[in-house]
Amino acid sequence: MALPLRSQPRARPSAPLPIVILAGAGAAFFIIPLIGLLLRTPWTSAWNELGSPEVLTALRLSLLASFSATAIALVLGVPLAWTFARLTFPGRSVLRALTVLPMVLPPVVGGVALLLAFGRRGLLGGWLATTFGIHLPFTTAGAILAETFVAMPFLVITVEAGLRSMDTRFEDAARTLGASRWTVLWRVTLPLVRPSLIAGAVLCWARALGEFGATITFAGNFPGRTQTMPLAVYLALETNPDAAIVLSLVLLAVSLAVLIGLRDRWLGAS
Amino acid sequence: MRARVVGALGLTVMAALCSSCGTSAPAGSPALSGTITVFAASSLNEGYTAIGKEFQKSHPGTMVTFAFGGSSMLVSQIQQGAIGDVYASADQPNMQKLIDARLTAESPIVFARNNLEIVVGKGNPKHITSLSDLGRSGLVVVLCAPAVPCGRYAAQALQKAGVSVRPASQEADVKAVLSKVALGEADAGIVYITDVKAAGTAVDGVAIPAAVNVVAEYPIVILKDSQNRALASAFISYVLTDGRRILERYGFTTP
Numbered sequence: 001m002a003l004p005l006r007s008q009p010r011a012r013p014s015a016p017l018p019i020v021i022l023a024g025a026g027a028a029f030f031i032i033p034l035i036g037l038l039l040r041t042p043w044t045s046a047w048n049e050l051g052s053p054e055v056l057t058a059l060r061l062s063l064l065a066s067f068s069a070t071a072i073a074l075v076l077g078v079p080l081a082w083t084f085a086r087l088t089f090p091g092r093s094v095l096r097a098l099t100v101l102p103m104v105l106p107p108v109v110g111g112v113a114l115l116l117a118f119g120r121r122g123l124l125g126g127w128l129a130t131t132f133g134i135h136l137p138f139t140t141a142g143a144i145l146a147e148t149f150v151a152m153p154f155l156v157i158t159v160e161a162g163l164r165s166m167d168t169r170f171e172d173a174a175r176t177l178g179a180s181r182w183t184v185l186w187r188v189t190l191p192l193v194r195p196s197l198i199a200g201a202v203l204c205w206a207r208a209l210g211e212f213g214a215t216i217t218f219a220g221n222f223p224g225r226t227q228t229m230p231l232a233v234y235l236a237l238e239t240n241p242d243a244a245i246v247l248s249l250v251l252l253a254v255s256l257a258v259l260i261g262l263r264d265r266w267l268g269a270s
Numbered sequence: 271m272r273a274r275v276v277g278a279l280g281l282t283v284m285a286a287l288c289s290s291c292g293t294s295a296p297a298g299s300p301a302l303s304g305t306i307t308v309f310a311a312s313s314l315n316e317g318y319t320a321i322g323k324e325f326q327k328s329h330p331g332t333m334v335t336f337a338f339g340g341s342s343m344l345v346s347q348i349q350q351g352a353i354g355d356v357y358a359s360a361d362q363p364n365m366q367k368l369i370d371a372r373l374t375a376e377s378p379i380v381f382a383r384n385n386l387e388i389v390v391g392k393g394n395p396k397h398i399t400s401l402s403d404l405g406r407s408g409l410v411v412v413l414c415a416p417a418v419p420c421g422r423y424a425a426q427a428l429q430k431a432g433v434s435v436r437p438a439s440q441e442a443d444v445k446a447v448l449s450k451v452a453l454g455e456a457d458a459g460i461v462y463i464t465d466v467k468a469a470g471t472a473v474d475g476v477a478i479p480a481a482v483n484v485v486a487e488y489p490i491v492i493l494k495d496s497q498n499r500a501l502a503s504a505f506i507s508y509v510l511t512d513g514r515r516i517l518e519r520y521g522f523t524t525p
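Residue numbers (this note's numbering), protein chains in the order written: chain A, 1 to 270; chain B, 271 to 525.
Among the hints, a few may not be true.
[Stated by the list, open to error] Heads up, simulated SDA-like pairs for lysine to any residue below, C-alpha to C-alpha not over 20 Å straight-line: (1) B/Lys396 - A/Ala129; (2) B/Lys367 - A/Leu116; (3) B/Lys367 - A/Thr239; (4) B/Lys494 - B/Arg372; (5) B/Lys367 - A/Arg120; (6) B/Lys367 - A/Arg121; (7) B/Lys396 - A/His135; (8) B/Lys327 - B/Arg514; (9) B/Lys327 - B/Leu302; (10) B/Lys396 - A/Arg121; (11) B/Lys392 - A/Gly126; (12) B/Lys367 - A/His135; (13) B/Lys367 - A/Leu17; (14) B/Lys392 - A/Leu237; (15) B/Lys367 - B/Asp495; (16) B/Lys367 - A/Tyr234; (17) B/Lys392 - A/Arg120; (18) B/Lys392 - B/Ala468; (19) B/Lys323 - B/Glu518.
Hints were generated in silico from the structure; no laboratory data involved.
Just chain A, with the same shape it has in the complex:
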């Protein structure tokens, strides 16, 4: 029985030692900070910290803001992804690059740009305030806007990839059977890209949950209004390090759950 295996010596190559050492160091680089966090966690008081009003307020606001940002991203991002995947028009690649720019842009820069657009003296901010009485900076709506700005690109590129890789013949068949474009989109296209929609929405939500730079720059920091969990972690580090560690642990657990949940769909692991 061993013979057929031996006839394929390349199936399990043995790694050169330097590669093993460097790969081990690379893995340790990611694992050691997590161990550090776990070792310093005040497990006995963790539950009390988690139940403290400040932590609960930040947690509640973070959930509200991240789910709202994901909802907005779905409403605006799916049509955008469809446009990029299905239509060809001049300037499409430039437009696409601009909409995914927040993925590589430092979030603080995004926050400054949002201020210059939606702030009181911003491009649209003054008009929004005088016409509709909408004020975005220093409000929960502003925190949601900042999170949407940073997180939506993750949904757009994931859904776009799904749309590109799907078999368009199903859409063609539905059209020849008399379905309207709208019906095809709702009954054929979106159900077919459901895995990408779910993966995109979860990634978008996780990014929104972790958003820090754009939020503190654009929306400021006020408990219950704009102080989301990452902001609370940053400020708690100075006064109540235990609370900061517990909050970090909650964010870590959520991120890990998202990655494990998505490992087949998005990360390409078999």
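Keeping the supplied structure of chain A fixed, place chain B upon it in accordance with the hints.
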């Protein structure tokens, strides 16, 4: 080519090793050398940068590098093992945290004082004249977070004046308050006099009367783990003598 690169690398390594040579210099030796790192509160940024330049000019062969940040953030960095020689705080409680952690080499000395001022948009468009104006409804006021010295001082001043303010945001440091006002997002904030001065023409300041103002004391100390105490102590002496003149130029009062 390769030999030259290796040679240059060797020199760099030797220079790096030698930056701690100053330790072995006998105390009181007139020839100071080497490098020190000074952790200093954000509000000292402009003043200390100027002092550093002057100090290096009068002590050739020495180098002073600065790490500016919120006083409390700097304390946690030092507690986590950040290597440096001098710490200059914007308040006493943060200095006390360092003393309690046994990370100081001697007793701290107060080298400067700062006062609070109301910062408003250029030309004071909302006609703010006193702390009690900050309680007006419809006004967007931004303060420092209570964890940061400027936030605690602002709360003390507002309490003395008997004003209750509902801030739109509690910013992480004093410079963030300043920029929110400079950008026009906030109508007013409470910052240090020195910050208003450093911001130049972007904003205006409204004085707070001494009766309700708060005096922020700035203590300085040599850190226990300093590798170059001779230079660190020379720098502190400079701050306490020639440095006063420079700090006063930036709006500080000196003892």
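Going through the hints against the structure:
Between lysine 396 of chain B and alanine 129 of chain A the CA atoms are separated by roughly 17 Å; this keeps the pair inside 20 Å, and the hint holds. Using a Cα cut-off of 20 Å, the hinted pair lysine 367 of chain B and leucine 116 of chain A is violated, with the two alpha carbons roughly 39 Å apart. In summary, the hint linking lysine 367 of chain B to threonine 239 of chain A is supported, as the alpha carbons are separated by about 11 Å, within the 20 Å threshold. Between lysine 494 of chain B and arginine 372 of chain B the CA atoms are separated by roughly 8 Å; this keeps the pair inside 20 Å, and the hint holds.
A distance of roughly 40 Å separates the Cα atoms of lysine 367 of chain B and arginine 120 of chain A; the hinted pair therefore is violated under the 20 Å criterion. Distance check on the hinted pair: lysine 367 of chain B and arginine 121 of chain A sit about 41 Å apart at the alpha-carbon level, beyond 20 Å; violated. At most 20 Å may separate the alpha-carbon atoms for a hinted pair to count; lysine 396 of chain B and histidine 135 of chain A meet this at roughly 18 Å. Distance hint between lysine 327 of chain B and arginine 514 of chain B is fulfilled; the C-alpha atoms sit about 17 Å from each other, no more than 20 Å.
Among the hinted pairs, lysine 327 of chain B with leucine 302 of chain B is consistent with the structure: their alpha-carbon atoms are about 12 Å apart, no more than 20 Å. For the hint pairing lysine 396 of chain B with arginine 121 of chain A, the CA-to-CA distance comes to about 15 Å; that is within 20 Å, so the pair holds. The suggested pairing of lysine 392 of chain B with glycine 126 of chain A holds, with an alpha-carbon distance near 18 Å, which does not exceed 20 Å. Restraint check: the Cα-Cα separation between lysine 367 of chain B and histidine 135 of chain A comes to about 40 Å, which exceeds 20 Å; the hinted pair is violated.
Our distance criterion of 20 Å between C-alpha atoms is broken by lysine 367 of chain B and leucine 17 of chain A, whose separation comes to about 47 Å. Distance restraint check for lysine 392 of chain B and leucine 237 of chain A: the Cα-Cα separation of roughly 34 Å exceeds the 20 Å cut-off, and the hinted pair is therefore not satisfied. Between lysine 367 of chain B and aspartate 495 of chain B, the direct Cα distance comes to roughly 16 Å. Compliance with the 20 Å bound is thereby established for this hinted pair. Using a Cα cut-off of 20 Å, the hinted pair lysine 367 of chain B and tyrosine 234 of chain A holds, with the two alpha carbons roughly 19 Å apart.
Straight-line distance between C-alpha atoms of lysine 392 of chain B and arginine 120 of chain A comes to about 15 Å, which keeps the hinted pair within the 20 Å bound. The hinted pair formed by lysine 392 of chain B and alanine 468 of chain B meets the criterion: a straight-line CA distance of about 14 Å does not exceed 20 Å. The suggested pairing of lysine 323 of chain B with glutamate 518 of chain B holds, with an alpha-carbon distance near 16 Å, which does not exceed 20 Å.
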